[in-house]
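Visitor: Residue-level listing of the chains:
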Amino acid sequence: MRGMWIVLQRELSAYLTSPVTYLISAALLFLTGFVFNNNLVLSITVAPASPASVPLFLSFTMVFFAPLLTMRMFAEEKREGTLELLLTAPVSDIEIVLGKFLGAWVFFSLLLLVTLSYQVILSTITQPDYGIALSSYLGIWLYGGATLAVGLLFSAITENQIVAAFLSMTVLLFMYLGDLAGQVVASIDLARIIRTLTLQGHFSTSFVYGLVRAEDVAYFAGIIVIMLYITVRVVESNRWR
Amino acid sequence: MIEVRNLSKRYGNHLAVDDVSFDAQAGEIVGILGPNGAGKTTIMRILTGFMPPTSGTAKVAGFDVMEDSLEVRKRVGYLPERVPLYPDMTVREYVMYWARLRGVKGAKEQVNAVIERVQLTDRRDSLIRNLSKGMRQRLGLAQALVHNPQVVILDEPTIGIDPQQVIEVRDSVRQLGQGHTVLFSTHILSEAEQVCDRVVIINNGRVIAEGDPARLRAQLQPGEYLFVLIGGASDADARRMLERIPGVENVEAQGKGFNLRARPNTDIRPAIFEHVTRAGHVLLELRPVAMTLEDIFLDIVGKAG
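Sequence order for the protein chains is L and G. Mapping of the first sequence onto my numbering: position 46 corresponds to residue 46, and the numbering continues sequentially without gaps. Mapping of the second sequence onto my numbering: position 147 corresponds to residue 1147, and the numbering continues sequentially without gaps.
What the hints contain is simulated information worked out from the structure, not anything from laboratory work. One should not assume that every hint holds.
To be verified - Restricting the straight-line Cα-Cα distance to at most 25 Å, the calculated cross-link-like pairs of lysine to any residue (SDA-like) are:
| # | chain 1 | residue 1 | chain 2 | residue 2 |
| --- | --- | --- | --- | --- |
| 1 | L | K78 | G | K1133 |
| 2 | L | K78 | L | V106 |
| 3 | G | K1074 | L | L98 |
| 4 | L | K78 | G | V1282 |
| 5 | G | K1059 | L | E236 |
Unchecked claim - From chain L, some residues computed to sit far from chain G (all C-beta separations above 12 Å):
| # | residue |
| --- | --- |
| 6 | V7 |
| 7 | L87 |
| 8 | V91 |
| 9 | V217 |
| 10 | I226 |
Where is the CB? At the ideal position from N, CA and C, for every residue including glycine.
The task is simple: from the sequences and hints, build the whole structure.
Guide: Right, dumping it as structure tokens:
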């Protein structure tokens, strides 16, 4: 797993030295800050401020941010030709994929850590439910990992970053909004099945309300494993062309 | 050090490499020659463990590229045709990255030494995006050498850089021969002639000739070539006269004179002198033309294709 660490470090330093990531991060923090503020204002009259408001908002924005964070990872290596060199280094394909995925996930975790400042502010104003804060952050952390894994897969499929981002946004949007289809089908059983397949079905009604269910954890972990497995296969396929 | 036996690679219906066999001994510089699309890159990609062959075997330092891919990859330094770089890294970071990925011990000293070797020490903290094309080429070479591999594989290392840098790269390839086995591809024959101990000529995926450049030339030269310049005769007259000389196989205009091809093992110089003076013309020039590998190559490829 030595190779995985080296790839991980490389990806992290690529994030931290790229001006684009700072722009993306700034936009993310600006938007979450806006949501948090709004939540505070509403708490005066409408409803008590919820520690889950920012994670809930992030669950939607990850549909767009995850692809932006991962689109570069394989697409650029392919375009620059470095993938060929990487695949001739004494490192297994699994290590390369894991290193890249963990690099993205660690960076996302750093961003999440910054948004914890909202929780600190909240705790100075009111007495928030720390259980909900914890579960919603655990939830969005897993949720983020799953969306990043989807983004990574599409980055491996094409050498065009825009195409990679577009495809993964489309798929993530389906996984996010699939719930809507569940609401209009006549059969309750079918609706239930659809809901268990969507991202929202495993987040907005459990983690957000302080529920940590094994099935939800398994869902996100499953998506990560499946997506990474396919990514490894796709990366391998570069050798056969 | 490199052992290739009956190697074939098929892409769909296209046979890119067809039953290729050759060897490279330790410390030898072997050039793979061939026109674009001949299958050079494919052979190199198989030897670096990037892709598996369809059939046949390839061994590097005794390890099979299929069965011991990771062992092979540890022992091979590879510079693909398009130099693979991360524009956002500095020179040192880049070389360090590959050194660590390949498990180099004492990476720091090794990295500094190899950067010194490719003369990029004064640019070691520059971003790669700011380097010139020749510097990038040298940096690519540094990456291929940083783990001190037994075998160095260079895919068209002199393409797209200016003549001065071409000479530098050739020099460094020649120096690599001390201590490394070098396999490098080119479609420029004079380059192979200058640099290689041995050349393998490939066309349409097949080996069509192999040997050391000088012997290859001797072996393949189909006859003797002479350049003749005649004074006092019109071109048409001179040509007609030359074509009548026994032993002359072919006459070709070359500037103001003619290139003659004589039948092998015949000396036609006395006959030429005799014919020219008897017709009352003056023989201004008569000299043998050394055939370059270029000519031989075109000859062979022409026949094979």
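Visitor: Hint by hint, work out which the structure violates, then give me just those numbers in ascending order.
Guide: Failing hints, ascending: 4, 6, 7, 8.
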